[in-house]
Amino acid sequence: MKIDIYKIPNTKKLVVEEIVELDKEKFAPSFPILEIGKVFAKAKVNRYDDFINVHLSVKAEVILQCSYTLKPFKSKVSGEEEFNFTTFESEEDDDFIIYKGNRIDLDEYIYELIISSVPTSPKAPGATLPKSGEGYRVISEDDLLLEESSKGNDKFDKLADLDLD
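Sequence positions in the sequence shown follow the numbering used here and run 1 to 165.
Calculated directly from the structure, the hints in this document are not laboratory data. Keep in mind that the hints are not guaranteed to be accurate.
[As the list claims (entries may be wrong)] Derived DEER-like restraints, expressed as beta-carbon distance ranges:
1. Tyr-136 - Ile-97: 44 to 54 Å
2. Ser-57 - Asp-95: 16 to 26 Å
3. Arg-137 - Ile-19: 29 to 39 Å
[Claimed, not checked] Derived pair list, reagent style DSSO-like, types lysine-lysine, alpha-carbon separation capped at 27 Å:
4. Lys-7 - Lys-44
5. Lys-131 - Lys-24
6. Lys-42 - Lys-2
7. Lys-76 - Lys-123
8. Lys-131 - Lys-59
9. Lys-158 - Lys-123
10. Lys-13 - Lys-38
11. Lys-123 - Lys-2
12. Lys-26 - Lys-2
13. Lys-24 - Lys-42
14. Lys-38 - Lys-59
15. Lys-131 - Lys-26
16. Lys-123 - Lys-100
17. Lys-44 - Lys-71
18. Lys-24 - Lys-59
19. Lys-42 - Lys-26
20. Lys-71 - Lys-24
21. Lys-76 - Lys-42
22. Lys-42 - Lys-131
23. Lys-123 - Lys-71
24. Lys-151 - Lys-131
25. Lys-100 - Lys-74
26. Lys-12 - Lys-44
27. Lys-100 - Lys-13
28. Lys-123 - Lys-44
29. Lys-13 - Lys-24
30. Lys-71 - Lys-7
By construction, the Cβ of each residue, glycine as well, lies at the ideal position given by its N, Cα and C atoms.
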């Protein structure tokens, strides 16, 4: 999504809505995202004397890896953020993003909103934590501590296996 500066009116808000195609090489999916599908972005743009304010909202269809089953599943994510763009650098204010030319490219900010909207350990609908499997079992830390305290001393358990005849 690109905003042409000369199209922004001085007195009223410019609203831009579009379906965005992110470049798959430049904006590769980041774990736990396996694929970014359809992305809908809406930008509300206001022009002021010294800067341009963009309120960006994003809705995207993504394929995520389930943290319980490790299988892919479809999900929808959404996010909103405000960005302030300016053409000059100021030492006292870090809240502004410097842009050059007559166009602001919002694709990077759309991608960042998608990435930040995904939970760190997504769970597929209906997925449950496995209890056990071949060579492993899943227990809580409290259960593990209780089990270890009631087990006894492993060093002397080996003496029972010795044949002293």
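Pair hint Lys-158 and Lys-123, alpha-carbon separation not exceeding 27 Å | Violated, at roughly 43 Å.
Lys-26 and Lys-2: Cα distance at most 27 Å?
-> holds (16 Å)
Decide if the proposed pair is consistent with the structure: Lys-24 and Lys-42, CA atoms, cutoff 27 Å inclusive.
-> Holds, because 21 Å separates the two Cα atoms, which is no more than 27 Å.
Do the alpha carbons of Lys-44 and Lys-71 lie within 27 Å of each other, as the hint requires?
-> Judged against 27 Å, a Cα distance of about 37 Å means the pair is violated.
Is the Cα-Cα distance between Lys-123 and Lys-44 27 Å or less?
-> violated (33 Å)
Could you check the hint for me, namely that Ser-57 and Asp-95 are 16 to 26 Å apart, CB to CB?
-> For Ser-57 and Asp-95 the Cβ distance comes to about 19 Å; the hint holds.
With a cut-off of 27 Å on the C-alpha distance, tell me whether Lys-13 and Lys-38 pass.
-> Answer holds: Lys-13 to Lys-38 is near 26 Å, not above 27 Å.
Given the hint that Lys-71 pairs with Lys-7, test it: the Cα-Cα distance must not exceed 27 Å.
-> violated (45 Å)
Holds or violated: Lys-100 with Lys-74, Cα cutoff 27 Å?
-> violated (37 Å)
Taken at face value, is the distance from the CA of Lys-71 to the CA of Lys-123 at most 27 Å?
-> holds (10 Å)
Sort out whether Lys-131 lies within 27 Å of Lys-42, counting only the CA atoms.
-> Violated - the C-alpha atoms of Lys-131 and Lys-42 are around 43 Å apart, more than 27 Å.
Given the proposed pairing of Lys-42 with Lys-26, does the C-alpha separation stay at or below 27 Å?
-> holds (21 Å)
Hints 3, 5, 8, 9, 11, 15, 16, 17, 22, 25, 28, 29 and 30, counting from the list given before, are not met by this structure.
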